[in-house]
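Chain by chain, the residues run as shown.
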Amino acid sequence: MLLEYAAIATMIFVTALVAVIAIVLGVLFGPKRPTDKKSMPYESGMNPIGPGTRRVPVRFYLIAVLFILFDIEVVFFVPWALVFKQFVSQSQGFFVFAEMTTFIVILLVGYIYAWKKGALEWE
Amino acid sequence: MIPVSYYLALSAILFTTGMFGVLIRRNALVVFMSIELMLNAANLSLVAFSRLYQTFHGQIFVFFIMAVAAAEVAVGLALIVTIFRSKQSIDLDQMNSLKG
Amino acid sequence: MTLELFLFFTLALIALVTAGGMVFSKSAVYAALNLVTNFLSVAILYLLLDAPFIALAQVTVYAGAIMVLFLFVIMLLGVETLRAEFDWKKIWLQAVLALALLVEGFVMLFQRMGQAANLPFNTASVLTNPSEMAKVLFTDYLLPFELTSILLLVAMIGAIVLTKQVKKRSL
Amino acid sequence: MTQTDFFTLLPAILLTLWACALLLVDVFTPGAHKGRTAFLAALGLAFTLGVTFLQPGEYTGFNGMVVRDGFANFLISLFLLTGLLGVAVAYGYLRRMGIERGEYYSLMLFSIVGMMLMAQATDLLVIFIALELLSIPLYVLAAFAYPNTASEEAGLKYFLLGAFSTGFVVYGIALTFGATGATSIAAIVAATAAGVANKALLLSGAALILVGLGFKTALVPFHMWTPDVYQGAPTSVTAFMAAGAKAAGFAALIRVFSSAFPALAADLTPILWALAALTMILGNLVAIAQSDIKRMLAYSSIAQAGYILMAFVAFGSDLARPVAISAALFYLVAYTVSSFGAWGVVISLEKEQGKDLQIADYAGLGKKFPWLAAAMTLFMLSFTGLPPTIGLIGKLYLFRAALQGGLYWLAIIGVVTSLISAFYYLRVVLTMYMKDGQPDVARETWLTATIVFSALATVIISLFPAPLFDWASRALLMVMK
Chain A
12 MLLEYAAIAT
22 MIFVTALVAV
32 IAIVLGVLFG
42 PKRPTDKKSM
52 PYESGMNPIG
62 PGTRRVPVRF
72 YLIAVLFILF
82 DIEVVFFVPW
92 ALVFKQFVSQ
102 SQGFFVFAEM
112 TTFIVILLVG
122 YIYAWKKGAL
132 EWE
Chain B
2 MIPVSYYLAL
12 SAILFTTGMF
22 GVLIRRNALV
32 VFMSIELMLN
42 AANLSLVAFS
52 RLYQTFHGQI
62 FVFFIMAVAA
72 AEVAVGLALI
82 VTIFRSKQSI
92 DLDQMNSLKG
Chain C
8 MTLELFLFFT
18 LALIALVTAG
28 GMVFSKSAVY
38 AALNLVTNFL
48 SVAILYLLLD
58 APFIALAQVT
68 VYAGAIMVLF
78 LFVIMLLGVE
88 TLRAEFDWKK
98 IWLQAVLALA
108 LLVEGFVMLF
118 QRMGQAANLP
128 FNTASVLTNP
138 SEMAKVLFTD
148 YLLPFELTSI
158 LLLVAMIGAI
168 VLTKQVKKRS
178 L
Chain D
16 MTQTDFFTLL
26 PAILLTLWAC
36 ALLLVDVFTP
46 GAHKGRTAFL
56 AALGLAFTLG
66 VTFLQPGEYT
76 GFNGMVVRDG
86 FANFLISLFL
96 LTGLLGVAVA
106 YGYLRRMGIE
116 RGEYYSLMLF
126 SIVGMMLMAQ
136 ATDLLVIFIA
146 LELLSIPLYV
156 LAAFAYPNTA
166 SEEAGLKYFL
176 LGAFSTGFVV
186 YGIALTFGAT
196 GATSIAAIVA
206 ATAAGVANKA
216 LLLSGAALIL
226 VGLGFKTALV
236 PFHMWTPDVY
246 QGAPTSVTAF
256 MAAGAKAAGF
266 AALIRVFSSA
276 FPALAADLTP
286 ILWALAALTM
296 ILGNLVAIAQ
306 SDIKRMLAYS
316 SIAQAGYILM
326 AFVAFGSDLA
336 RPVAISAALF
346 YLVAYTVSSF
356 GAWGVVISLE
366 KEQGKDLQIA
376 DYAGLGKKFP
386 WLAAAMTLFM
396 LSFTGLPPTI
406 GLIGKLYLFR
416 AALQGGLYWL
426 AIIGVVTSLI
436 SAFYYLRVVL
446 TMYMKDGQPD
456 VARETWLTAT
466 IVFSALATVI
476 ISLFPAPLFD
486 WASRALLMVM
496 K
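Protein chains in written order, with the numbering used here: chain A, 12 to 134; chain B, 2 to 101; chain C, 8 to 178; chain D, 16 to 496.
Derived Cβ-Cβ restraints for the label pairs, each shown as a range:
| no. | chain 1 | residue 1 | chain 2 | residue 2 | range |
| --- | --- | --- | --- | --- | --- |
| 1 | A | Asp82 | D | Asp485 | 47 to 57 Å |
| 2 | C | Val143 | D | Val430 | 49 to 59 Å |
| 3 | D | Ala36 | A | Pro68 | 32 to 42 Å |
| 4 | D | Ala304 | B | Tyr7 | 41 to 51 Å |
| 5 | D | Asp485 | A | Gly129 | 45 to 55 Å |
| 6 | A | Val35 | C | Leu20 | 17 to 27 Å |
| 7 | A | Leu131 | D | Lys450 | 53 to 63 Å |
| 8 | A | Leu119 | D | Leu441 | 48 to 58 Å |
| 9 | A | Leu36 | C | Tyr37 | 25 to 35 Å |
| 10 | B | Ser87 | A | Glu132 | 22 to 32 Å |
| 11 | A | Gly129 | D | Gly65 | 30 to 40 Å |
| 12 | A | Leu131 | D | Asp451 | 54 to 64 Å |
| 13 | A | Phe106 | D | Ala36 | 18 to 28 Å |
Here are the computed lysine-lysine pairs in the DSS-like style, where the Cα-Cα straight-line distance is at most 27 Å:
| no. | chain 1 | residue 1 | chain 2 | residue 2 |
| --- | --- | --- | --- | --- |
| 14 | D | Lys49 | D | Lys366 |
| 15 | D | Lys49 | A | Lys128 |
| 16 | D | Lys383 | D | Lys366 |
| 17 | B | Lys88 | D | Lys370 |
Per the computed footprint, the stretches of chain B lying under chain A, defined by three or more beta-carbons under 8 Å from a beta-carbon of chain A, are:
| no. | stretch |
| --- | --- |
| 18 | 68–74 |
| 19 | 79–88 |
In case anyone wonders, no lab produced these hints; they're calculated from the structure.
From the three backbone atoms N, C-alpha and C, an ideal C-beta is built for every residue, glycine too.
Just chain A, same shape as in the assembly (with noise of 0.2 Å):
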């Protein structure tokens, strides 16, 4: 059973060993002669302004928490999707249809909600 993972786990692995690699392999035979200048945030020669950890406006808070609620919602149509087919063999098509249907009319009002308050428009 666990076999069957077995080619992404392999993936995973070499991926992450080959990136572990690159970096041991810089820091063992890279040559380090650090300066004053290289060490600036900016090599370019940018002195940094401010705090390197600045707050970010609220704003983004509302689209990001948009796209997590539709996020989810677009999770419940993976299972919808592999098995309607099944549905529609077994002439139960029509009420599976009108289920995501009503699921999705719902989410609709809050995307009109949302819509109309504004909370799509970027000021």
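Got chain A; can you put chains B, C and D on it based on the hints?
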């Protein structure tokens, strides 16, 4: 095969850790993350039991818990952002404008 | 020790260490990253438990969406303001009490559960097929499915109500 | 979905559609006419209430996940009444406080849908989702007065507490599932009866579910932040959630424990006993020390939950259970009516920025506004359990149920704490009549209507309790097979 009690033990420890986090941390974000850990522990139990009884009920339950958790997170983080805007802090010890 | 047992212990160890790391980390970012790792290791445990679709959902919903939102908010609020702050002197008593109570509870639980839960799983599992799960989901679970959409709608309204009227104040 | 499914959830479906429509209508309504939303919300609630009355009956739907039995019908009607009163107290209040937004009413309707499902659910999954559907709008409503810091804090605290309790509920459900292999109450009953359920797991699961619902119904020791939330939230929201969320929590508690876990009664009764005793004692004792009226009423609502739980402690006995359930239902109505009245009075005195919320601010009310003071006196008497109020009748039923269950000591604790509670309830009355002051109240039609309705109901039902009590006695749980 691994006995189900192994998974249950792991889930119980994770749940306790999460609960512990809720009780000892004062940072609202970390408290919330601890709550997510508690839900995650419950999910692990559900999937393990689902495997034990060979039924999909547990798995589907977990699926719904995830969707519900996402909805909860959306509102919860909005609350945290809102309160941060007026107080510049999300430290629960500083939430003391309410006292008898 | 079989491969499976080895995998289980490795993953359990990762899950426990990251859970502890989350609770005790000084910075909210580290807490979030620990939690992501925890979710990922639990996702692989779901694979061990013959629940590939749940594993997928765990990665996309929990690790992918929810935790990204968490990290996002940490960025939004500014990392430096979240440096934590927990005073062992103030909380050690309740911490010890809570822990003792729980350990006690679980010890009792496992003792009384006895042999029943030590049964190994059936080896032949019917659970690995996501489309079988989907069939149950879209027939028996019609009501919870539609309720979820209402819940998502409510969350959407809530998030918009709470964050939309920011125009008047600057941030 | 069959016709039976449809009729099972008819009230919830209607209200959901109405809430969605209301949301859209509100977005497309220009700012000046936002008042319409409130009227439309009230209309929807009244319409659903009418349909519920015209189309009662027993149904089981959605593969046994929800039922509509006498119990559910009773509570659905109660929740719709709660909603109507909630809209009435909110209408003028939101305008006065400058937080009038149309989403308020949509969120409220969605929350009521959640409450109705809590009363109807016979599957732990539906209970879980209904619990969230009921709570998530309330988190937002509690923070509705932002950027008012108190309201934001109330929202955050209520949210963290609610999410924490959800964690317990979910873990409890997981263990119950582990014990029986199912989440539907019928299957849990079957597994328990067949003796295949693992008792240790089932007991732990039930206890964890109890903890989760204990947070929702604000039982001691799970009441930590309740006073803060009740105090910080906009008062109209507090009134709504004090009545609605508590009743919904008890609905789920009663349904789950009396249908699914009667076999565990021997183990659970001592726990419930301790919870009820603690809640009655602590709620009433701490309420004495409060000087803020909202906080005082918050502790009072905690204490009231203790009395309801008291009746239900002996849920294992087949003889005591029906009496306890009908007494609890009757008392939930009594509590809803009196508490909406009391919160209505608080709302009419409250000024912007949370002024005039101290008990001392009620001085002189008896002279200046005798009718309002009389109404408040009535509600305080009702909370205490003194005549001529519905509170007395309700408490008598609760005590009778407790005695029937053989809980003599608990009943004694209940009587003693009721006497203690008279101290702080009557202090409000004394302040109103014996001290001098210049209080000022807002005159709003719908608020006045709510207070008048509550006062009339408090008195009239106490004089003629039989019809309501008959209805509550017939509101039985469908037997799970």
